[in-house]
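Number of protein chains: 2
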Amino acid sequence: MSTVDPRLSINQGTIKRADLAEALRATVANGVQSIGLWREPVQEVGLTTAAKMLADSGLRFSTHCRSGFFTMPEGPARRSSIDDNLVAIEEAATLAAAGAAGSFPVLVLVAGGLPEGSRDVIGARERVRDAIGELAPAAKAAGVQLAIEPLHPMFASDRCVVSTLGQSLDIAADFDPEVVGVTVDTFHIWWDPDVLTSIERAGREGRIATYQVCDWKTPLPANVLNSRHYPGDGVIDFASLTRAVEATGYDRDIEVEIFNEEIWAKDTDTIVRETAASFGSAVTPHLRAAVAS
Amino acid sequence: MSTVDPRLSINQGTIKRADLAEALRATVANGVQSIGLWREPVQEVGLTTAAKMLADSGLRFSTHCRSGFFTMPEGPARRSSIDDNLVAIEEAATLAAAGAAGSFPVLVLVAGGLPEGSRDVIGARERVRDAIGELAPAAKAAGVQLAIEPLHPMFASDRCVVSTLGQSLDIAADFDPEVVGVTVDTFHIWWDPDVLTSIERAGREGRIATYQVCDWKTPLPANVLNSRHYPGDGVIDFASLTRAVEATGYDRDIEVEIFNEEIWAKDTDTIVRETAASFGSAVTPHLRAAVAS
Numbered sequence: 009m010s011t012v013d014p015r016l017s018i019n020q021g022t023i024k025r026a027d028l029a030e031a032l033r034a035t036v037a038n039g040v041q042s043i044g045l046w047r048e049p050v051q052e053v054g055l056t057t058a059a060k061m062l063a064d065s066g067l068r069f070s071t072h073c074r075s076g077f078f079t080m081p082e083g084p085a086r087r088s089s090i091d092d093n094l095v096a097i098e099e100a101a102t103l104a105a106a107g108a109a110g111s112f113p114v115l116v117l118v119a120g121g122l123p124e125g126s127r128d129v130i131g132a133r134e135r136v137r138d139a140i141g142e143l144a145p146a147a148k149a150a151g152v153q154l155a156i157e158p159l160h161p162m163f164a165s166d167r168c169v170v171s172t173l174g175q176s177l178d179i180a181a182d183f184d185p186e187v188v189g190v191t192v193d194t195f196h197i198w199w200d201p202d203v204l205t206s207i208e209r210a211g212r213e214g215r216i217a218t219y220q221v222c223d224w225k226t227p228l229p230a231n232v233l234n235s236r237h238y239p240g241d242g243v244i245d246f247a248s249l250t251r252a253v254e255a256t257g258y259d260r261d262i263e264v265e266i267f268n269e270e271i272w273a274k275d276t277d278t279i280v281r282e283t284a285a286s287f288g289s290a291v292t293p294h295l296r297a298a299v300a301s
Numbered sequence: 009m010s011t012v013d014p015r016l017s018i019n020q021g022t023i024k025r026a027d028l029a030e031a032l033r034a035t036v037a038n039g040v041q042s043i044g045l046w047r048e049p050v051q052e053v054g055l056t057t058a059a060k061m062l063a064d065s066g067l068r069f070s071t072h073c074r075s076g077f078f079t080m081p082e083g084p085a086r087r088s089s090i091d092d093n094l095v096a097i098e099e100a101a102t103l104a105a106a107g108a109a110g111s112f113p114v115l116v117l118v119a120g121g122l123p124e125g126s127r128d129v130i131g132a133r134e135r136v137r138d139a140i141g142e143l144a145p146a147a148k149a150a151g152v153q154l155a156i157e158p159l160h161p162m163f164a165s166d167r168c169v170v171s172t173l174g175q176s177l178d179i180a181a182d183f184d185p186e187v188v189g190v191t192v193d194t195f196h197i198w199w200d201p202d203v204l205t206s207i208e209r210a211g212r213e214g215r216i217a218t219y220q221v222c223d224w225k226t227p228l229p230a231n232v233l234n235s236r237h238y239p240g241d242g243v244i245d246f247a248s249l250t251r252a253v254e255a256t257g258y259d260r261d262i263e264v265e266i267f268n269e270e271i272w273a274k275d276t277d278t279i280v281r282e283t284a285a286s287f288g289s290a291v292t293p294h295l296r297a298a299v300a301s
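Going down the list, the protein sequences come from chains B and V. Going by our numbering, the first sequence opens with residue 9, and the numbers climb by one from there. Going by our numbering, the second sequence opens with residue 9, and the numbers climb by one from there.
It is possible that part of the hints are untrue.
Identical copies look the same in the list; a pair holds intra-copy or inter-copy alike.
Cut-off 25 angstroms, straight-line C-alpha distance, at most; resulting in silico cross-link-like pairs (SDA-like, lysine to any residue) [to be verified]: (1) K60 with R212; (2) K148 with L94; (3) K24 with A63; (4) K274 with A252; (5) K24 with G174; (6) K60 with A37; (7) K274 with A85; (8) K24 with R87.
These are computed hints drawn from the structure, not numbers from a lab.
Please model the entire structure based on the sequences and the hints provided.
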C-alpha cells in the first residue's frame, strides 16, 4: 500500500453504499486515519453502538454530516427541524468523544432551500440566522462547533440559500467562533471571485471548522447533486485553495466528500484507495508539511 | 389580443427555431415592439439584408447576442476571437441604426470558460479584461456599448468565468460606461446575496446596458443550459429585482431570453404570446409606470 496522507479523512458520503461497519472497516484497512460520518448510517445502528464501533476502529472523527434545513417559517415543521438539529448536536458530541485523539465535534449545517411556493430568499436567509441563534446555546453546552456550509448557487432554490463563503461568515459573525464556524468545500466555492479573500477572512475570524475537497467537472450529470469528482479529475485549482486554507493555520483533518453514481458503484475498498491516491497527488503537495520541506 | 407591455423585447433565443424573417413577423404580429437578435440567424441572411428586414419590421433593436469567448491565451485562436468580436461590434451598430427609434447598439459579451486543460480561473479572468481593452476603442468608434454578462456559477468552468454582477462591474470599471456596461439577467444573478446592492451600484455607475428576465426552477433539466423558464414559472422574485433596476433610472427595453426545449418546441406565435403574457403578469406590475400609478 502506498503512503496515505495522515490528514485525509473519508467522508462517508463518498462510500455511500457502505453501512457504518463496512465504512469503518474499509477506512482502517486502507490506511486512512480519520472519517466523517453521516447521520443516517449512525442512526441505523443507534448512537451508542455507533460510538462504540467508532472507538473500536481507532479512527479520528472529523465531522458529522449533516443537519440544518431550517428555512421554513415558524410552525410545527420548523419546531421539528430545530428538535432534530438538537439531536444532531448530541450525536456529534458523542461521536467526537468516541473518536481517537484529534477528533473534532463538528456538525455540518446545510441551510435548506426556499420553502415551497416562496420566492423570498432574503427572508429564508434571515430564518437561517434565527435557527442558528436557537441552536447555538445547545452547541456551546455540548462543545460542538456548528459549520455553516455554503452550497454552490445551483442549489440556492432547492437545497441551500447560503451560497458563498462570505455569506456564511456574515451569518456566523453574530456568534462565538468556537460555536459557529463554516465549512470550506472546494466544490461549492471554487468559482467565487472572492474565494481566496474569503478563506483568508474565515481563518482570521477563526471560523474554518472543516476543509472538504472534491473536484468540479462538466458536463454535469442529469442529477447535478451527484456531480462531484476525485480531486484532480476536474478543473479546481487545489494548489491555491489548499495553500490559502493552510495559510490560515488550519490543521485539522481534510475530508474528501464525493457524490457520484459511478464512484458509488465501485466496491468500498476501491473507492477508499482511489480517494487516498487522488488526495495524495492533488492535495498533499500543497499542505504545510510538503510546502515546508 | 391583450395589451402587450411596450417595453417588452423578445430575445431571439426564446424563439430559437425561427429564422430571422419568422422571428420578426411573429414579434410584430403579436404586438411586441422590440427584439434582441442573435448573430447566427443574422449572418444566415447577411448583415445588409438583416438590417433591411429589421428596418421594414418597424421594431426596435434591443441587443445583439452574443460574442465574447476570449479567455484563451495569446495565439491564433485568440486573434480569431478578437477579429470575430470586431465583426460583432459592426453588426450591432448596423442593426441598431436600422431599428426603430429607441434602439440601442448593445453587444452582449459572454466571457468564455476555462481553456482546455487549464485550472487557472484567475488568469482567464485577466484575459477577459485584456480582450475588452482591445475591443473598447472599436466599440467606442462604432458607438456600441459592450455588455459584460455574468453567467450563473454553474457555467463558470465551461462557458463564462465571470459569475457575479459585482465582478462584471469590477472589470467594466476600467472603461467608459458608454462603451462598457453590463447585462443584468435575473436567471444568472437572482441567488447572489449582493444582487440588490450590485444592481444599485451598476445603476450608479451608469453600466446597465440591458435588463433581461426569465425564471429559475428546479429540478434542472439534463442540459442545464436550457433550464430557463417564463417569468413567474419559477422562484425568482421579479418584484425586488425589477424595482431595483427601475430605481436606477433604467428605461430601455426589457428582454425575455429563454432557452428551454419544451418552449422551443411550440410554434413561434404561441411562444411570443406566452412570453408577453408572462411578462405582463410577472414584470409589468413592477415597472415605474405601474408603480407610480
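These are the hints, each one checked on the structure:
Taking the shortest alpha-carbon separations for K60 and R212, neither the intra-copy value of 36 angstroms nor the inter-copy value of 61 angstroms comes in at or below 25 angstroms. With identical chains, the CA atoms of K148 and L94 are at most 25 angstroms apart within one copy only, with a shortest distance of 12 angstroms there and 60 angstroms across copies. Within a single copy, K24 and A63 get their C-alpha atoms as close as 21 angstroms, which meets the 25 angstroms cut-off; across copies the closest is 61 angstroms, which misses it. Within a single copy, K274 and A252 get their C-alpha atoms no closer than 33 angstroms, and across copies no closer than 50 angstroms, so neither meets the 25 angstroms cut-off.
In this assembly of identical chains, the alpha carbons of K24 and G174 never lie at most 25 angstroms apart, being 30 angstroms within a copy and 38 angstroms across copies at closest. Proximity of K60 and A37 under a CA criterion of 25 angstroms is satisfied intra-copy only: 18 angstroms inside one chain copy versus 74 angstroms between copies. Within a single copy, K274 and A85 get their C-alpha atoms no closer than 37 angstroms, and across copies no closer than 41 angstroms, so neither meets the 25 angstroms cut-off. Taking the shortest alpha-carbon separations for K24 and R87, neither the intra-copy value of 29 angstroms nor the inter-copy value of 48 angstroms comes in at or below 25 angstroms.
Checked against the numbered hints given earlier, the structure breaks hints 1, 4, 5, 7, 8 and satisfies all the rest.
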